[in-house]
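Participant: As given, the protein sequences belong to chains D and Y, one line each in that order. So the first sequence is numbered by this note's numbering: it starts at 15 and just counts up by one. So the second sequence is numbered by this note's numbering: it starts at 14 and just counts up by one.
I should point out that these hints are in silico values taken from the structure, not numbers from a laboratory. These numbers were taken from a predicted model, which means no experiment stands behind them. Even glycine gets a Cβ: it sits at the ideal position worked out from N, Cα and C. It is possible that some hints are incorrect.
A few chain Y residues that don't get close to chain D, going by computed Cβ distances all over 12 Å [said to hold, decoys possible]:
hint, residue
1, Glu-21
2, Asp-53
3, Phe-65
4, Gly-67
5, Gly-140
6, Ile-158
Covered stretches of chain D (chain Y as the covering partner; in silico rule of three or more C-beta atoms under 8 Å from a C-beta of chain Y) [as the list claims (entries may be wrong)]:
hint, stretch
7, 52-64
8, 107-114
9, 230-236
10, 263-271
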Amino acid sequence: MKTAQEANENKAYKEAVTELLYQLADDDFIHAFRGSEWLGLAPHIEEDVASSSISQDTMGHATMYYQLLEDLGEGDSDELAHGRKPEQRKNAIILEEVNGPGNYLKEPDFDWAFAVVRQYFYAQSKKIRIDSLKNSSYQPLADVAVKVNMELYYHLMHWRTWFSQLVNGKGEAPERMKKAIEKVCKDFDGVLTLGPNAEVMASHGLIEEEKVLKQRWENEMENVFASLGISLPELGMERGNGRKGEHTKDLDGALATLGEVYLSDPAATW
Amino acid sequence: MQMMTTKEASVKSMLQEVKDPEIDSVSVLELGMVEQVQVDDAIVHVQMLPTFMGCPALEIIRANVEKAIKQLEWVNEVKVEFIYQPPWTSERVTDIGRQKLKEFGIAPPPKQIGEDGEWHVDCPYCGSTYTTMDNIFGPTACRSILYCKGCKNPFEAMKPVSTMM
Numbered sequence: 015m016k017t018a019q020e021a022n023e024n025k026a027y028k029e030a031v032t033e034l035l036y037q038l039a040d041d042d043f044i045h046a047f048r049g050s051e052w053l054g055l056a057p058h059i060e061e062d063v064a065s066s067s068i069s070q071d072t073m074g075h076a077t078m079y080y081q082l083l084e085d086l087g088e089g090d091s092d093e094l095a096h097g098r099k100p101e102q103r104k105n106a107i108i109l110e111e112v113n114g115p116g117n118y119l120k121e122p123d124f125d126w127a128f129a130v131v132r133q134y135f136y137a138q139s140k141k142i143r144i145d146s147l148k149n150s151s152y153q154p155l156a157d158v159a160v161k162v163n164m165e166l167y168y169h170l171m172h173w174r175t176w177f178s179q180l181v182n183g184k185g186e187a188p189e190r191m192k193k194a195i196e197k198v199c200k201d202f203d204g205v206l207t208l209g210p211n212a213e214v215m216a217s218h219g220l221i222e223e224e225k226v227l228k229q230r231w232e233n234e235m236e237n238v239f240a241s242l243g244i245s246l247p248e249l250g251m252e253r254g255n256g257r258k259g260e261h262t263k264d265l266d267g268a269l270a271t272l273g274e275v276y277l278s279d280p281a282a283t284w
Numbered sequence: 014m015q016m017m018t019t020k021e022a023s024v025k026s027m028l029q030e031v032k033d034p035e036i037d038s039v040s041v042l043e044l045g046m047v048e049q050v051q052v053d054d055a056i057v058h059v060q061m062l063p064t065f066m067g068c069p070a071l072e073i074i075r076a077n078v079e080k081a082i083k084q085l086e087w088v089n090e091v092k093v094e095f096i097y098q099p100p101w102t103s104e105r106v107t108d109i110g111r112q113k114l115k116e117f118g119i120a121p122p123p124k125q126i127g128e129d130g131e132w133h134v135d136c137p138y139c140g141s142t143y144t145t146m147d148n149i150f151g152p153t154a155c156r157s158i159l160y161c162k163g164c165k166n167p168f169e170a171m172k173p174v175s176t177m178m
């Protein structure tokens, strides 16, 4: 399918591509927000610049996906980003989780080990997905994937470096990383799944099969883990499947903060 | 190659006046951000390529492009569209653009990247090749921060991006 118009003429195709785009958009959107909450709190100033820049890029990727949804007639992209209710969101649960106890404005006791593990795992899964999307049957999505891939290159390199250095680090770092890895793995299947309609997406050539992509992610991770002398725990989806609209209260809080300005006057130009 | 019409040429000369809001010596043309200019009587369509997607300057650039072209007497309407295909890559910066980046204190993007993804730029101030990477990520999405051990100045470089990555 070359255009949104063509996609709209085939109901089943349109539903599958829309579903996939919501997952991609919502994942990047909430992940960028949690990343941005580290601004001013990152371990050192260079990291503050780097992680903020990565979050900004990631929010830009979400913007492109929401734009593709707007082109398919789903509504205004700002409204899609800010106006949808938690149960309409398709992001994975692990991505909405708070960075730690406290909140950004009051005693943020955030965990950098958790941030690094979540960022690295996510960047690697995004890389595998984007490589597949470069060959998507929906041309506008394939074009976006080429664009995202160029920026993602730097993100993945950045988080892989942090991950290896902390796992191999001295003091409390390895132990904290181990705990963070266990925590992220418990829900990371939620990122790797494409939801109840995964097969339909694959049959329309929008993206490869879920199990193929998941296997690719696991292979990649196992190589890195083996080189660091650690092993990858079992993956799960303990708290539910975000692709089905299942979420935790952490998402409510994030959406309320994110949408505060927009929802105060949706018609305003900021 | 098609001959550029007088109208297209006048639009291009206006685009030359639109600078990157964050690097005010370099025009959007020199950065390689303009993919196509199409003139339809009094309507001008401009297709542009965003550098980095999260760049907050995109909307400012769009507004500045519209404003500049509307100064042409024969223009009634300007449509600026950001497209993703072809993707913007750092190879699109023109030779003059590269020179002007340097004058601004920003090293132009390296033309060659090693197989392992490593890249190198010389100091835009003293030309020394004795430079180190301080942070791949800089004050804007498209820039990195480096340090020159020759003249002991920190400087920025435009980050290379390519479809080969």
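Participant: Next step is simple, just say for each hint if it's right about the structure.
Facilitator: Going down the list of hints, with the structure as the test:
1. Glu-21: With a cut-off of 12 Å, Glu-21 of chain Y remains clear of chain D, as the shortest Cβ separation is near 25 Å.
2. Asp-53: Non-interface label on Asp-53 of chain Y holds, nearest chain D Cβ at 21 Å vs cutoff 12 Å.
3. Phe-65: 6 Å, violated
4. Gly-67: At roughly 3 Å from the nearest Cβ of chain D, Gly-67 of chain Y sits no farther out than 12 Å, so the non-interface label is violated.
5. Gly-140: 25 Å, holds
6. Ile-158: At roughly 8 Å from the nearest Cβ of chain D, Ile-158 of chain Y sits no farther out than 12 Å, so the non-interface label is violated.
7. 52-64: Held - the stretch 52-64 of chain D has 3 residues with a Cβ nearer than 8 Å to chain Y, which meets the minimum of three.
8. 107-114: violated (count 0)
9. 230-236: violated (count 0)
10. 263-271: violated (count 0)
When each numbered hint is compared with the structure, violations occur for hints 3, 4, 6, 8, 9, 10.
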